[in-house]
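With chain A fixed as given, assemble chain B onto it according to the hints.
So the protein lines, in turn, are chains A and B. The first sequence begins at 283 in my numbering and counts up by one. The second sequence begins at 283 in my numbering and counts up by one.
If you are wondering where the hints come from, they were derived from the structure by calculation, not from laboratory data. Be aware that one or more of the hints could be misleading.
The list cannot tell twin chains apart, which means a pair is met if one copy fits it or any two copies do.
[Claimed, not checked] DMTMM-like cross-link-like pairs, simulated, lysine to aspartate or glutamate; straight-line CA separation at most 20 Å:
| # | residue 1 | residue 2 |
| --- | --- | --- |
| 1 | 296 | 365 |
| 2 | 360 | 482 |
| 3 | 465 | 452 |
| 4 | 465 | 292 |
| 5 | 289 | 470 |
| 6 | 465 | 335 |
| 7 | 307 | 412 |
| 8 | 289 | 482 |
| 9 | 296 | 356 |
| 10 | 465 | 306 |
| 11 | 360 | 341 |
| 12 | 307 | 445 |
| 13 | 465 | 319 |
| 14 | 465 | 482 |
| 15 | 465 | 311 |
| 16 | 334 | 429 |
| 17 | 296 | 482 |
| 18 | 296 | 306 |
| 19 | 465 | 309 |
| 20 | 465 | 323 |
| 21 | 334 | 319 |
Protein chains: 2
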Amino acid sequence: MKQKDVKIPEATIKRLSTYINCLEKLDGDGYQVVSSDLLGESCQVSPAQIRKDLSYFGEFGVRGVGYGTRSLAEQIKKILGLDHIWTTVLVGVGHLGQALLNFTAFRQHGFRIVGAFDADPAKIGTVVSDGVVIEPVSALDDTIHREQAGIGIITVPAANAQETADLLVEGGITGILNFAPIKVRVPENITLRNVSILSELDNLAYLLSNRTRRRSRKKS
Amino acid sequence: MKQKDVKIPEATIKRLSTYINCLEKLDGDGYQVVSSDLLGESCQVSPAQIRKDLSYFGEFGVRGVGYGTRSLAEQIKKILGLDHIWTTVLVGVGHLGQALLNFTAFRQHGFRIVGAFDADPAKIGTVVSDGVVIEPVSALDDTIHREQAGIGIITVPAANAQETADLLVEGGITGILNFAPIKVRVPENITLRNVSILSELDNLAYLLSNRTRRRSRKKS
Numbered sequence: 283m284k285q286k287d288v289k290i291p292e293a294t295i296k297r298l299s300t301y302i303n304c305l306e307k308l309d310g311d312g313y314q315v316v317s318s319d320l321l322g323e324s325c326q327v328s329p330a331q332i333r334k335d336l337s338y339f340g341e342f343g344v345r346g347v348g349y350g351t352r353s354l355a356e357q358i359k360k361i362l363g364l365d366h367i368w369t370t371v372l373v374g375v376g377h378l379g380q381a382l383l384n385f386t387a388f389r390q391h392g393f394r395i396v397g398a399f400d401a402d403p404a405k406i407g408t409v410v411s412d413g414v415v416i417e418p419v420s421a422l423d424d425t426i427h428r429e430q431a432g433i434g435i436i437t438v439p440a441a442n443a444q445e446t447a448d449l450l451v452e453g454g455i456t457g458i459l460n461f462a463p464i465k466v467r468v469p470e471n472i473t474l475r476n477v478s479i480l481s482e483l484d485n486l487a488y489l490l491s492n493r494t495r496r497r498s499r500k501k502s
Numbered sequence: 283m284k285q286k287d288v289k290i291p292e293a294t295i296k297r298l299s300t301y302i303n304c305l306e307k308l309d310g311d312g313y314q315v316v317s318s319d320l321l322g323e324s325c326q327v328s329p330a331q332i333r334k335d336l337s338y339f340g341e342f343g344v345r346g347v348g349y350g351t352r353s354l355a356e357q358i359k360k361i362l363g364l365d366h367i368w369t370t371v372l373v374g375v376g377h378l379g380q381a382l383l384n385f386t387a388f389r390q391h392g393f394r395i396v397g398a399f400d401a402d403p404a405k406i407g408t409v410v411s412d413g414v415v416i417e418p419v420s421a422l423d424d425t426i427h428r429e430q431a432g433i434g435i436i437t438v439p440a441a442n443a444q445e446t447a448d449l450l451v452e453g454g455i456t457g458i459l460n461f462a463p464i465k466v467r468v469p470e471n472i473t474l475r476n477v478s479i480l481s482e483l484d485n486l487a488y489l490l491s492n493r494t495r496r497r498s499r500k501k502s
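The shape of chain A in the complex, shown without the other chains (with noise of 0.2 Å):
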């Protein structure tokens, strides 16, 4: 991989990550070998921005044959970190971290959850899924060592999403996924992201407002 100090773009990134699912669906699909137009056409994405995105990273698949369909599923992985288990913890089992300790595709990107943590003590002992039991809170620490943890999903409401990423950074963990409504702060030898549901929203009203607009400008 011949990965040089280029800093890839976020949304390459992400089709990435898209690319893998689609790999995958076509490889169950029987196709053992993918052009980049089927790839797009399965994707949604232009033939010319998978081959730009993937050309970050080096060569992959043969011109005019195409790529291995597994191999390069494989080698995605491999690019995202993909290729090994990432053991994962899960703060705040409400409805949406029920829905993530649910979603199986977790499992299939190598992301292990191996333990749950809310601070309700009518939740604590239930199991969620895969035989993970939720825990209290006070618990997170000796969980995070033992199994140990390196990601940290905080599902938490937004007025104890501070303190959770303070006890996983305590506890030892190097990224967080932040779903929380608010802005956490962490030292900066940790990864974070804040995954903002309410910005895919406004995001949408944004597109949707200019669509409006571009099209009242046309008309007049």
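Only chain B this time, still in chain A's reference frame:
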């Protein structure tokens, strides 16, 4: 608003959405005027980035003084098309759907959920939030028309996502936010955003792996 025909980066739109939340928090804390330093500190974005993001849409604030906190929030809402109500329906009241229905921030940004739909007969008639009652999917068309809904949120399993998108489009929805872990196809006049929670986690894995790689390179 001197919005030109410049393509606004998606990351800018995402940050604008965050600025609204920070500004409303600062307003609540009593700041009537904010500098880009203070707003940046609150949002964890550099002041230069804030100025750049806003510059796409014109001139805001007074040099050396700052921005009117509430007025900037209102102007950003206008930019994003959040200055009016977006009537919204949601299909699929599983854990993720329920999480979104409970999400109070939607309402603060002008999204009003006027209908929630599920295929499970056992759920029909359950009150979910704000007096919204779960209806059967067969009622989707009627509700979209009656409420003049413009946005549809898809939180059904992957296998039902495409048929749900088709029903929303037939009903007259013009914008779709799809959370199902599969891309859906819609006619060109429909604005669609696919939200991939899996790709957020993949991105975190990529950043973590890359960080480790860089660190090992430095050491060697």
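Going down the list of hints, with the structure as the test:
Taking the shortest Cα distances, residue 296 and residue 365 sit within 20 Å of each other inside one copy (17 Å), while across copies they are farther apart (30 Å). For the homomeric pair residue 360 and residue 482, the shortest alpha-carbon distance between copies (16 Å) is at most 20 Å, but the shortest distance inside one copy (28 Å) is not. Proximity of residue 465 to residue 452 under the C-alpha cut-off of 20 Å is restricted to the intra-copy arrangement: shortest distance 18 Å within a copy versus 38 Å between copies. In this assembly of identical chains, residue 465 and residue 292 lie within 20 Å of each other by CA distance both inside one copy and across copies; the values are 19 Å within and 19 Å between.
In this homomeric assembly, residue 289 and residue 470 come within 20 Å of each other (Cα to Cα) only inside a single copy, at 19 Å, whereas the closest approach across copies is 32 Å. Taking the closest pair of Cα atoms, residue 465 and residue 335 come within 20 Å of each other only across two copies (19 Å); inside a single copy the shortest separation is 29 Å, beyond that limit. Taking identical chains as interchangeable, the C-alpha atoms of residue 307 and residue 412 are never at most 20 Å apart, the minima being 24 Å within one chain and 40 Å between chains. In this homomeric assembly, residue 289 and residue 482 come within 20 Å of each other (Cα to Cα) only across copies, at 18 Å, whereas the closest approach inside a single copy is 24 Å.
Taking the shortest alpha-carbon separations for residue 296 and residue 356, only the intra-copy value of 16 Å comes in at or below 20 Å, while the best inter-copy value is 31 Å. In this assembly of identical chains, residue 465 and residue 306 lie within 20 Å of each other by CA distance solely across copies; the values are 14 Å between and 34 Å within a copy. In this homomeric assembly, residue 360 and residue 341 come within 20 Å of each other (Cα to Cα) only inside a single copy, at 14 Å, whereas the closest approach across copies is 45 Å. Taking the shortest alpha-carbon separations for residue 307 and residue 445, only the inter-copy value of 19 Å comes in at or below 20 Å, while the best intra-copy value is 40 Å.
Taking the shortest alpha-carbon separations for residue 465 and residue 319, only the inter-copy value of 17 Å comes in at or below 20 Å, while the best intra-copy value is 40 Å. Taking CA atoms no more than 20 Å apart as the test, residue 465 paired with residue 482 passes in both settings, with 16 Å inside one copy and 16 Å between copies. Taking the closest pair of Cα atoms, residue 465 and residue 311 come within 20 Å of each other only across two copies (17 Å); inside a single copy the shortest separation is 42 Å, beyond that limit. When the C-alpha separation of residue 334 and residue 429 is checked against a cutoff of 20 Å, the pair qualifies neither within a copy, at 38 Å, nor between copies, at 44 Å.
Both within a single protomer and between protomers do residue 296 and residue 482 lie at most 20 Å apart by alpha-carbon distance, with minima of 14 Å and 7 Å respectively. Taking the shortest alpha-carbon separations for residue 296 and residue 306, only the intra-copy value of 16 Å comes in at or below 20 Å, while the best inter-copy value is 30 Å. For the homomeric pair residue 465 and residue 309, the shortest alpha-carbon distance between copies (17 Å) is at most 20 Å, but the shortest distance inside one copy (39 Å) is not. Taking the shortest alpha-carbon separations for residue 465 and residue 323, only the inter-copy value of 11 Å comes in at or below 20 Å, while the best intra-copy value is 37 Å.
Taking CA atoms no more than 20 Å apart as the test, residue 334 paired with residue 319 passes inside one copy only; the shortest distance there is 13 Å, against 37 Å between copies.
Consistency with the previously given hints fails for numbers 7, 16, ordered from lowest to highest.
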